[in-house]
Amino acid sequence: MILSPAEWEIVALSLKVSGTAITAILPIAFGLAWILARKRFAGKVVLDAVIHLPLVLPPVVTGWLLLILFGINGPVGRFFADTVGLTFMFRWTGAALAAAVMALPLMVRAMRLSIESVDRRLEGAARTLGAGPWRTFFEITLPLALPGVIAGMVLGFARSIGEFGATITFVSNIPGETRTLPLAIYTTLQLPGNEAVVTRLAIISVILSLGALVISEVLARRSGLGRGRHVL
Amino acid sequence: MSFEIDILIHRGGRKISGDFKTPAGLTALFGPSGAGKTSLLDAIAGLLRPDRGRIAVGGMVLFDSEAGINLKPERRACGYVFQDSRLFPHRSVTDNLLFGWRLVPEERRWIVPDVAVEFLGIGHLLDRMPSTLSGGEAQRVAIGRALLSGPRFLLMDEPLSSLDAGRREEIMGVIERIRDELRLPILYVSHDRAEVERLADQIIPIHAK
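Just so you know, the sequences run in chain order H and S.
For reference, each letter of the first sequence is one residue, going 5 to 236 in this note's numbering.
For reference, each letter of the second sequence is one residue, going 1494 to 1702 in this note's numbering.
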């Protein structure tokens, strides 16, 4: 199967958008997963619900909310523009933001499960052997939770590759800037006589998503999460 | 005096209290399951904060609620052997043994890895992963890991309870040698009378409240 240069560009843009999204959201997802797994506080249920919102909201509503918050006149959007000169509107960075928000709940779920599955008594053992809290985290907790953390990343990546509704609502459908794989497929479908292009792009989508899903399941199984506990 | 304990712990509506002083050697805390013996050991190790009281071992104060002293677990130089060996599952036997050894300052080390491995007879296990060890093997590695961390005293929480008769005998021999040859103060928790009578220099009964 041979892709045209224009089609390669679409695939490359999709990978850039998703790769950036997952890398940028990773520390936030892990931090939230840690808080939900380990801390007790008032409003935990609310935080949990807000994180999961993108999973159940119509994506177009998520996109609209992003528009309000991260748009040029949105409070968060203005903050980013003023402090680090980062804007999201009609740019690939906005597509990455939409992808990150949509991937977040899946990542937090997988990582929270993997953190909860770490035997805290092992951390106690490490402390009595002379390891401080940070060393215990990096040498015991994180390595034991790592398969689940990677599974969460891969799962989030698969989700973000397929992101459509929030992206097109938030940053529109601009060739070379925000036209990722699903948007390109949608656009191509609007024109007659492009079945071959659609088929090729669709196959690429299937390969990327399926590959990521399989990797995430394998990792989850290896971490012991797989025994009756799926991340989905 | 080895252990000087006078603490009160509230746990889930229960009160656990420990008030005793021990001479050198091995002291057994003896009592039924659920009497709070493990909580007492956890408090001495620093894994659980008592509500009030004082803990000193060998003259060093580890916890004193009135003086506001509460040493972190990693500062207590305590060798803790758990009921379940609690070996780190993602690390080899060697890496488990050396976990504490690598962290402890040189002047506090009093046994080198080769000697500990010889003493415990675990030379043939060094490259294995913990999941492949039998209960007795895992417990010997756990004892070695604790000894190599340069402890000033040992806490042992029913180290024989998960073992069959043959393995119990073997680990009991190891504990007797630690008591007699290494001369570490040991606090030993058990609910088995025969085990306690054989090992302990002093027995302190702990009752459920």
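Each hint should be verified, as a subset may be incorrect.
List of simulated lysine to any residue pairs, SDA-like, C-alpha gap at most 25 Å [as the list claims (entries may be wrong)]:
| id | chain 1 | residue 1 | chain 2 | residue 2 |
| --- | --- | --- | --- | --- |
| 1 | S | Lys1565 | H | Glu120 |
| 2 | H | Lys43 | S | Arg1507 |
| 3 | S | Lys1565 | H | Lys20 |
| 4 | H | Lys20 | H | Phe142 |
| 5 | H | Lys43 | S | Ala1693 |
| 6 | S | Lys1508 | S | Ala1549 |
| 7 | H | Lys43 | S | Leu1675 |
| 8 | S | Lys1565 | H | Gly166 |
| 9 | S | Lys1565 | S | Gly1629 |
| 10 | S | Lys1565 | H | Thr145 |
| 11 | S | Lys1565 | H | Phe142 |
| 12 | H | Lys43 | S | Arg1504 |
| 13 | H | Lys43 | S | Gly1506 |
| 14 | H | Lys43 | S | Asp1544 |
| 15 | S | Lys1565 | H | Arg42 |
| 16 | H | Lys43 | S | Arg1542 |
| 17 | S | Lys1508 | S | Gly1518 |
| 18 | H | Lys43 | S | Ala1549 |
Because the hints were derived from the structure by calculation, they are not lab data.
Checking each numbered hint in turn, tell me which of them this model violates, lowest number first. 3, 4, 5, 7, 8, 9, 17 and 18
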